[in-house]
Amino acid sequence: MAAAGPRPLANDVNIIEGGIDVRFAKVIMLSVIVALAAGCSLSPRTYHDQNMDFSIIQTVAVLPFANLTSHKNAEDRVRDVFMNMLLSTGGVYVLPAGEVARGISRSQIADGAAPAVEEIKKLGAVLGTDAVITGVLKEYGEVRSGTAAANVVSLSLQLMEVETGRVVWVGASTKGGISTKDRLLGGGGQPMNTITEEAVSELIKMLFKG
Amino acid sequence: MNLSRCFSRVKGIALLAALLLTGCAALQETPPLTIQSLGPDTISPQSSLKAPVVWRAEATGGVPPLSYEFLCEDSNGPALRQQGLSSAWPWWPGRAGTYRIKVVVRDRIGNTVQSPWSPEFEITRPLIAVLPLQNLSRTKAPLAMIRTEIISRLKGAGFDLVADPDLQRFMARHRMRKVSGINGFLAEKLKEATGAEALLITTLELYDEQPPLKIALLCRLVSLAQSPEILWVDSVGLAGDDSPGLLGLGLIEEPEAMRSEALEGLVASLTRSLAGTQKPRFLPGKFMPKMTHGPQEDKLWQGKARVAVPPFYNVSDRKYGGEIMALHFLEALQESGRFTVVEPGVVHDELLRFRIIMDHGISIPQAEAMFSSFDADFVLSGKVFDYQDTKGHWGVPMVDFSAEMFDNQNRQLVWTSKSYNGGSDRVFFFDWGRITTASSMAAQMTRAIIGFLAQ
Numbered sequence: 000m001a002a003a004g005p006r007p008l009a010n011d012v013n014i015i016e017g018g019i020d021v022r023f024a025k026v027i028m029l030s031v032i033v034a035l036a037a038g039c040s041l042s043p044r045t046y047h048d049q050n051m052d053f054s055i056i057q058t059v060a061v062l063p064f065a066n067l068t069s070h071k072n073a074e075d076r077v078r079d080v081f082m083n084m085l086l087s088t089g090g091v092y093v094l095p096a097g098e099v100a101r102g103i104s105r106s107q108i109a110d111g112a113a114p115a116v117e118e119i120k121k122l123g124a125v126l127g128t129d130a131v132i133t134g135v136l137k138e139y140g141e142v143r144s145g146t147a148a149a150n151v152v153s154l155s156l157q158l159m160e161v162e163t164g165r166v167v168w169v170g171a172s173t174k175g176g177i178s179t180k181d182r183l184l185g186g187g188g189q190p191m192n193t194i195t196e197e198a199v200s201e202l203i204k205m206l207f208k209g
Numbered sequence: 000m001n002l003s004r005c006f007s008r009v010k011g012i013a014l015l016a017a018l019l020l021t022g023c024a025a026l027q028e029t030p031p032l033t034i035q036s037l038g039p040d041t042i043s044p045q046s047s048l049k050a051p052v053v054w055r056a057e058a059t060g061g062v063p064p065l066s067y068e069f070l071c072e073d074s075n076g077p078a079l080r081q082q083g084l085s086s087a088w089p090w091w092p093g094r095a096g097t098y099r100i101k102v103v104v105r106d107r108i109g110n111t112v113q114s115p116w117s118p119e120f121e122i123t124r125p126l127i128a129v130l131p132l133q134n135l136s137r138t139k140a141p142l143a144m145i146r147t148e149i150i151s152r153l154k155g156a157g158f159d160l161v162a163d164p165d166l167q168r169f170m171a172r173h174r175m176r177k178v179s180g181i182n183g184f185l186a187e188k189l190k191e192a193t194g195a196e197a198l199l200i201t202t203l204e205l206y207d208e209q210p211p212l213k214i215a216l217l218c219r220l221v222s223l224a225q226s227p228e229i230l231w232v233d234s235v236g237l238a239g240d241d242s243p244g245l246l247g248l249g250l251i252e253e254p255e256a257m258r259s260e261a262l263e264g265l266v267a268s269l270t271r272s273l274a275g276t277q278k279p280r281f282l283p284g285k286f287m288p289k290m291t292h293g294p295q296e297d298k299l300w301q302g303k304a305r306v307a308v309p310p311f312y313n314v315s316d317r318k319y320g321g322e323i324m325a326l327h328f329l330e331a332l333q334e335s336g337r338f339t340v341v342e343p344g345v346v347h348d349e350l351l352r353f354r355i356i357m358d359h360g361i362s363i364p365q366a367e368a369m370f371s372s373f374d375a376d377f378v379l380s381g382k383v384f385d386y387q388d389t390k391g392h393w394g395v396p397m398v399d400f401s402a403e404m405f406d407n408q409n410r411q412l413v414w415t416s417k418s419y420n421g422g423s424d425r426v427f428f429f430d431w432g433r434i435t436t437a438s439s440m441a442a443q444m445t446r447a448i449i450g451f452l453a454q
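Going down the list, the protein sequences come from chains H and U. In terms of numbering that gives the first Met the number 0, the first sequence opens at residue 0 and continues consecutively. In terms of numbering that gives the first Met the number 0, the second sequence opens at residue 0 and continues consecutively.
The shape of chain H in the complex, shown without the other chains:
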């Protein structure tokens, strides 16, 4: 039968050999973690023109997105989801894609994905829209890291009012990618359609927040 040793006093537990209070050490560690976490946290990747009255925007034309990925027609897919979701909010009327294509053609805009200020004004007059949205698709498809793979989508958008051609809102969103779980347990991440909807949904929230 083992003999029970002397029970340590409460004060003895909180003191380690160097003479540092454990509670104090915990507080310091927690502070460091909070500071690090704050440093890592993403600043909101959006800009709202504070002088702009967004309620006057009733009709929007979503121009074709620029595609910086290697996926053919990825910009069309993302733009279609964005147009559908934006229209579904009921906040604005989104011009049909065919009408926008006609406007671009009639306004003789060379690059529909990146129009100049004058071109935006001209397009606004042709289409009778209050604002235009341009976008850049930066990532779309599968990314790999070691043995792990997952889908990712990264998109940034700009809203420009047609009277002045000024940028009044900018937003960016990235969804998907390889998570720690994917690295440890494998799996291919979420389907492309799901993460596209998540990214677009986040952008629309950003747009209406202002």
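Honestly, the hints are just simulated from the structure, not real lab data. Since this is a predicted model, take the numbers as computed values, not measurements. Among the hints, a few may not be true.
What the hints assert, rightly or not - Subject to a maximum C-alpha distance of 30 Å in a straight line, what follows is the list of computed DSBU-like cross-link-like pairs (lysine-lysine):
1) Lys71(H) <-> Lys289(U)
2) Lys177(U) <-> Lys285(U)
3) Lys318(U) <-> Lys137(H)
4) Lys208(H) <-> Lys137(H)
5) Lys278(U) <-> Lys303(U)
6) Lys71(H) <-> Lys285(U)
7) Lys71(H) <-> Lys139(U)
8) Lys303(U) <-> Lys289(U)
9) Lys204(H) <-> Lys318(U)
10) Lys121(H) <-> Lys204(H)
11) Lys318(U) <-> Lys71(H)
Unchecked claim - To be clear about the criterion: a stretch of chain H counts as covered by chain U if any three or more of its residues have a C-beta under 8 Å from a C-beta of chain U, and this derived list gives those stretches:
12) 90-99
13) 132-146
Just so it is clear, CB atoms sit at the ideal spot from N, CA and C, and this is done for glycine as well.
Model the placement of chain U on the given structure of chain H, informed by the hints.
Just chain U, lined up with the frame of chain H:
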């Protein structure tokens, strides 16, 4: 006290007597139940394509409500066809023959009168022309053989068909090379030349003789008139391993057997449709659109709306994806019973006439041109992003598209939707519920959208 009680009793009896007398008077005043007329809304003879023929009975007198029983006599003898409070009976004769109709009317208290049998009403078999197949399968397929099999099955089901030399002569004379549809001018000419009342247009969407065998067909029957109307449309998509069964005994390994099963389903559907016995299909919940935009409270239309469906803008790798998706929407719209769809042959001609090239979809002026040409309430179009069938045993078909509907009244988009599905979306365990062709999936997805929209 007694006097007053007696007085009140007398009053009660008098009241009761008065009530009874009033009732009797009412009964006496009720005119006798008589049938004034019974007749169809069209004259005999009629083609079975012109169904339904509406028979109306007019009865007077009796104690309402009146109930009506419509009896129909053919070569098999009389049969009760409709019973209820409605004095009208939409009659779908289904097959050719000579018929007589009678109505029996009953009132609330059991008085019954019946009309004499109507004069004979003749239903003639429709004469149908079967166009050569349109091949959207991107592969070499035995088109002539499939057509021959269709003709043989239709003849077996009792349809009269235009003789092939007559049809070929007509097509040569009018330089009719397009077999994807028909316009009003050619429809009238074909009717004049051959006496046909309807045209069967068949599109081969998928044909693969490599195991597992696959076939997908879209078929529609169009009336031959100045303004051709779609009378029936259906599609079928089958794979040889759809129902493998125990030890693979259910596998279809012969192309003839596969074609036969597909065509049997289509001809049966056509026969049911002309007989008015086509049952509404369920709304496939798994294939509901992922997002939609439309009016929340107001109804978009009352009654039956007229819709034009031009080919969808095709971004997918599947050649003819836009045309195929438009045909599936046409099928769903027509099947819902809430829409009349403009015949694609007419739409195609008008697009050519107006030199309409849809770049990334329909623009407002293009939609306006279509509204005025087709007298349509809506124009439905969209984009196809994926329309993938699989090769071999592995993989699942994928369909991804968005749809948009323009309204004639305010010239705006009134409805948009986005749908994407894979063939394994309905699978819970093993391969139960797997869909093996993009055609079957597209048919269910479009049916889900239109069902949702129509509700």
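Verification of the hints:
1. Lys71(H) <-> Lys289(U): Holds, because 23 Å separates the two Cα atoms, which is no more than 30 Å.
2. Lys177(U) <-> Lys285(U): Between Lys177(U) and Lys285(U) the Cα gap is close to 36 Å, so the pair fails against 30 Å, i.e. violated.
3. Lys318(U) <-> Lys137(H): 28 Å, holds
4. Lys208(H) <-> Lys137(H): 24 Å, holds
5. Lys278(U) <-> Lys303(U): 19 Å, holds
6. Lys71(H) <-> Lys285(U): Roughly 28 Å separates the two Cα atoms, so the pair holds.
7. Lys71(H) <-> Lys139(U): 28 Å, holds
8. Lys303(U) <-> Lys289(U): Holds. Lys303(U) to Lys289(U) sits at ~26 Å (cutoff 30 Å).
9. Lys204(H) <-> Lys318(U): With a Cα-Cα distance of about 37 Å, the restraint between Lys204(H) and Lys318(U) is violated, given a limit of 30 Å.
10. Lys121(H) <-> Lys204(H): 29 Å, holds
11. Lys318(U) <-> Lys71(H): Holds: Lys318(U) and Lys71(H) sit about 16 Å apart, inside 30 Å.
12. 90-99: Holds, because 7 residues of the stretch 90-99 of chain H bring their Cβ atoms closer than 8 Å to Cβ atoms of chain U.
13. 132-146: violated (count 0)
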